[in-house]
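Enquirer: Generate the whole structure from the sequences, applying the supplied hints.
Residue numbers (my numbering), protein chains in the order written: chain A, 1 to 716; chain B, 1 to 716.
Treat the hints as calculated values from the structure; they're not laboratory data. Careful: at least some of the hints might be erroneous.
Identical copies go unnamed one by one, so any copy, or any two together, can satisfy a pair.
What the hints assert, rightly or not - Calculated cross-link-like contacts (lysine to aspartate or glutamate; reagent style EDC-like; alpha-carbon spacing at most 16 Å):
id : residue 1 : residue 2
1  : Lys-37    : Asp-85
2  : Lys-151   : Asp-335
3  : Lys-490   : Glu-360
Here is what each chain is made of, one letter per residue.
Number of protein chains: 2
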Amino acid sequence: MRNLKISAIFLLMGTFALNAQSLKSPDGKFEMNFQLKSGVPFYNLKYQGKTVVEDSKLGLRLLKDNTISFGTDIKNNEGKNLNADFVKTDEKRDSKNESWAPILGEKKEYINNYNELAVTLNQPKEDRSIIIKFRLFNDGLGFRYEFPQQKNLNYFVIKEEDTEFDLPSDHKAFWIAGDYDTQEYQPQTTNISEIPQRWATSFDGNASQTPIPNAVQSPLMLKRNSDNLYVNIAEAAVLEYPASNLEVDAVNFKFKTHLTPDAQGAKGYIQTPAVSPWRTIIASPKAEEVLASKMLFNLNEPTKYKDTSWIKPTKYIGVWWQMFVPGRGSWNYADVDNVKLGVTDYTKLTPNKTHAANNENVKKHIDFAAKHGFDAVLVEGWNEGWEDWFGKSKEYVFDFVTPYPDFDIKMLNDYAHSKGVRLMMHHETSASATNYERWMEKAFQLMNKYGYNAAKTGYVGNIIPRGEHHYSQWMINHYIRVAEKAAEYKIMINSHESVRPSGQSRTYPNWIAAEAARGTEFEVFGGNNPDHTTILPFTRLMGGPMDYTPGIFQTQINYYDKNDKRFVKTTLAKQLALYVTMYSPLQMAADLPENYEKHLDAFQFIKDVAVDWDDTEILSAEPGDYIHIARKAKGKDEWYVGGITDENARNFVVDFSFLPKSKKYEATIYEDGKAADYINNPQSYNIYKKTVTNKTKIPVKLARSGGYAISVKESK
Amino acid sequence: MRNLKISAIFLLMGTFALNAQSLKSPDGKFEMNFQLKSGVPFYNLKYQGKTVVEDSKLGLRLLKDNTISFGTDIKNNEGKNLNADFVKTDEKRDSKNESWAPILGEKKEYINNYNELAVTLNQPKEDRSIIIKFRLFNDGLGFRYEFPQQKNLNYFVIKEEDTEFDLPSDHKAFWIAGDYDTQEYQPQTTNISEIPQRWATSFDGNASQTPIPNAVQSPLMLKRNSDNLYVNIAEAAVLEYPASNLEVDAVNFKFKTHLTPDAQGAKGYIQTPAVSPWRTIIASPKAEEVLASKMLFNLNEPTKYKDTSWIKPTKYIGVWWQMFVPGRGSWNYADVDNVKLGVTDYTKLTPNKTHAANNENVKKHIDFAAKHGFDAVLVEGWNEGWEDWFGKSKEYVFDFVTPYPDFDIKMLNDYAHSKGVRLMMHHETSASATNYERWMEKAFQLMNKYGYNAAKTGYVGNIIPRGEHHYSQWMINHYIRVAEKAAEYKIMINSHESVRPSGQSRTYPNWIAAEAARGTEFEVFGGNNPDHTTILPFTRLMGGPMDYTPGIFQTQINYYDKNDKRFVKTTLAKQLALYVTMYSPLQMAADLPENYEKHLDAFQFIKDVAVDWDDTEILSAEPGDYIHIARKAKGKDEWYVGGITDENARNFVVDFSFLPKSKKYEATIYEDGKAADYINNPQSYNIYKKTVTNKTKIPVKLARSGGYAISVKESK
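Expert: The structure is reproduced here in structure tokens:
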């Protein structure tokens, strides 16, 4: 007994001496320090000697540890927490400097270069250990908790993860309200210290929403007031673990993880061996370097898919926007309040004559897609069930295999294929995930049968299993199940209302894009502010491509209904620029064909622009203000440049030094017209051509919420 | 406006005059009266002029009515309730007198004879209507709520159903504690007035339990103290609706429905047209008539299955009881704490040498089954995952398709088939219902491939989707999904830890039996009282067959471990009697083959006894005391008689007047030995033969918790 005590004290003393570890980034600019203070783990982060994150606590609280025993109620139990009473028992260092090729991406190769420190922490009384693993890159820090399989830690339930990010001073923050069920809020720009006062008025209504008081979502973009250091806090590889929000301590400029609970309030059922997502802090004095960071992807595992040749960048149009604007069509086939799949005989319902996914209209879209070189046509509302799909907590809402009577699935697919176009499948689940899991295999088989290779999924409404949330562990697992099952059928997934990506498209490259933020459709719901798309690349897009669905030429809704005062808050030229500034290997031309036909000269840019890239250069960027990006098309000697601004008109000079030396190209510049303005004159644009070399500089003028797009091709 | 008011008043006056309706049973003995009192619906029930149930309220409270609108939280909303402000707008009467043949049953034909009253009730302000439908049989009353599809009632969420059963005086009650997750409690016998004081000590621990304070389960058996009227309160056709418990008002002798909630506390998501389960009240001065009632089946719909020829009565043995007694085997293959399906390589684990479902042991069981004419051999623990299957809230716990390394699924099935025996599949889900739904189709395909035709399912532990309960609406739908999917593959289901049946085997006849009560396994958990099986037929079995798994010959567990004082609380002869008294078309001989081999003379009864019947006569019965039943084997000139008693020894005279006239039969009587006693001398029995006719009377002596069994065959 005495020996045991002495050795325990010795161990504690030993660890006291050894309990501060330092880690530097490969370029030496970042330094991370880890230490145990009285058994509690802390880390901090410095950039060029200046503190980015002060000493911040690490750890998790548990509801149940090891086993959940016979007949117990999960809610009334607490396990021994994994946040204190630790001694350090091991430390391992490693480093890596490699490059890897994304299946689809912004560059041909991404560099993965870091130094690693893995600290093993033991709770002597419970005799159980966790590892905290830090990876310090030249763009910032990633760290995670690892839970090795061991005798005294096989199963546990997380009450909360309490990872802190304690900033030294106030920052300007680009944030949306924390929520368990939606990310479709308007970004807010305030100081951290001002978040609490803005929080309650920062969000509008959503089909499913559970706001978390005084919390914000990640990725969170920050800019330090004292010296303009840009800091991005996010998470990578959110797998088998709920997505997190960040609780705000606005007095101490501190954030803390807040995981999404399940129906029982539990925040993750863990079976060891297991790991948490990576917590990430990207920092740079240059905003452009934050945008260029690929850290979230580097922290995900390479894909295990053996064959990825079927994963294709895709440009598409859709039977879609017409359902959002007045008087142009509906998802539903009949105007009734109550249908039951397999019971309701649709051939006996009176068609409402507004159903958009009808043979004639889809054929017109196929013709348009074929004529203009699009890969695919999305058709929403093709299947039975849309009459009462929404807001009823109806579990068996769609079967994903039964077309409406006026949608001839075989004929339309045959017709599309005969013209070199594919139809894109639509799987709106109404957030009834259990039902989708029952049907998805049959749904994918149907897709294979008719030659679809991509599905847009949707999760509008409250989740079934009831009480689960869009970002709780069960749903995170669901999204992965869908991606993996789709991969078995060589199907690409574009998920809407799903969790924000955290770089997992590296591992599941057929999960080609997601919405998971406020997309173009909100232009007719509550509007997107002019600065919205200058913030999204710093937040939502850090973890993966967004199906933002740009390309609205007819921005004023009074075109459809003269009394409708809503409008898309950009100029037409800015809509073009979004194809470059909003990276996605899946891009929609969202507007109606009739609107493109009126502006075929401007439409040419959408037809030309690549969606997969060999290289990307962030020319200039400032969150909330502007973004200018140049990209080289995959496998082609072609470049595309896009620039956007917020509600302020701006001048910019495009410097073509990104081009190879001593070669001439023909640039086509699509810019705002001289009198263009997103409110008063959005459709004013000017197109001109110019020969350019890598010495060329072209000044551009961006209207209020305007932009420009430039295609750069070899001179003929 | 004035006109509207006047007509509303006129309507109310009109309904005041018309608002009492009376309904009589076909034999005139029962009378049901319905009336609206100030807009609130009430019913009462009389038997031969005496009140069985006093004026009792009807109605439901709602969380949300019609629509669940954009972005609302289900928990914080109340709809307009369906329990008041009604006017009667229509009344329809109907009657039926038919007989129908159950696929498997206690008689060749069941009689369905009732008078019906359907009252349409309208809430004028909301302009929406419900129907309350009453069916009065010669054995009692059934009634339900019907929700027709209509403009103002398409969707709603139930907060609670408040159907009352207001009894006029105190009754003796045979009850178990109300619970959302288990029915495996010991029955209690007290007056209604004494339930509250007994409630808290009435239940023991269970793998999943959520007791409902001061509530009891249905079917609830009652006996009126004043005049010994037997009353049974139950429910029939619990489909797409949660199962109910009964809240007790012990002062007023009143019960009220208490539905099982979901994870959000909601008690049913209803899309019209819909109906509630039937609420049933069976009453008779004779306990035997209660046992003979088929009302719960009559209130279910005939099956829609076109072919039912594959649904077969089944007598089986199993690799099962040996896992419950000490030192004889385990479900798991290796003694490790933590496995992951598809990751753990079982061929590299050290076998624990106790794994019961090994090739050699299963072959021995097949040999035994073949030798003694059993249809099937259940094998539990055949598949990967049992190492950590329990109590971990582990979702991916089994895949139902991967055998352990020492279970050669093809060889064993081939071997069984070569001997005219089938293996019975085991699908323990660990209550991870979402996981089972993902796998069950593959599991049924595997069963078809190898020639299994029946699966025992199990739901041990807390339900996943987490927060759902074993009897909540989602799980009720799950059990039906399983039955329907199994039927597609011509597979019979025997479900354990599932909801108590409510006669739905009429509609889903392949759901051949269920446990859903405290079965034989509890003899080694906490023990079953001697009166347990004299109560179950009056409660649990009213709604359908129970897989009670009788046939334990070696009742004393010290046979396996001399220090183990547990014992099965019956004599051996009573175990034989249970094959007759506990109706099921699926009967197990649960003991180890070695124990049968020591008593082959007594075992002969188990070999002989039928499991499907042309006719049944309840000779004598008293809940909590004794049951004597005679049954005629299906399609054979054979009868089987069984009698059991509680902790009291009893004499009984078996009157063979149920036999056809003027024909001689050979009866084999299996009775308790003279010194038999369930504690001191359980294995003492006496077997003798006697020629019998329909004039014969045979006295039998039942030991304490003893019984007797008689086979009656044509004399040779």
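Enquirer: Hints first: check each against the structure and report whether it holds.
Expert: Here is what the structure says about each hint:
1. In this homomeric assembly, Lys-37 and Asp-85 come within 16 Å of each other (Cα to Cα) only inside a single copy, at 10 Å, whereas the closest approach across copies is 67 Å.
2. In this assembly of identical chains, the alpha carbons of Lys-151 and Asp-335 lie at most 16 Å apart only when taken from different copies (13 Å versus 60 Å within one copy).
3. For a Cα distance limit of 16 Å, the shortest separation of Lys-490 from Glu-360 qualifies neither inside one copy, at 29 Å, nor across copies, at 43 Å.
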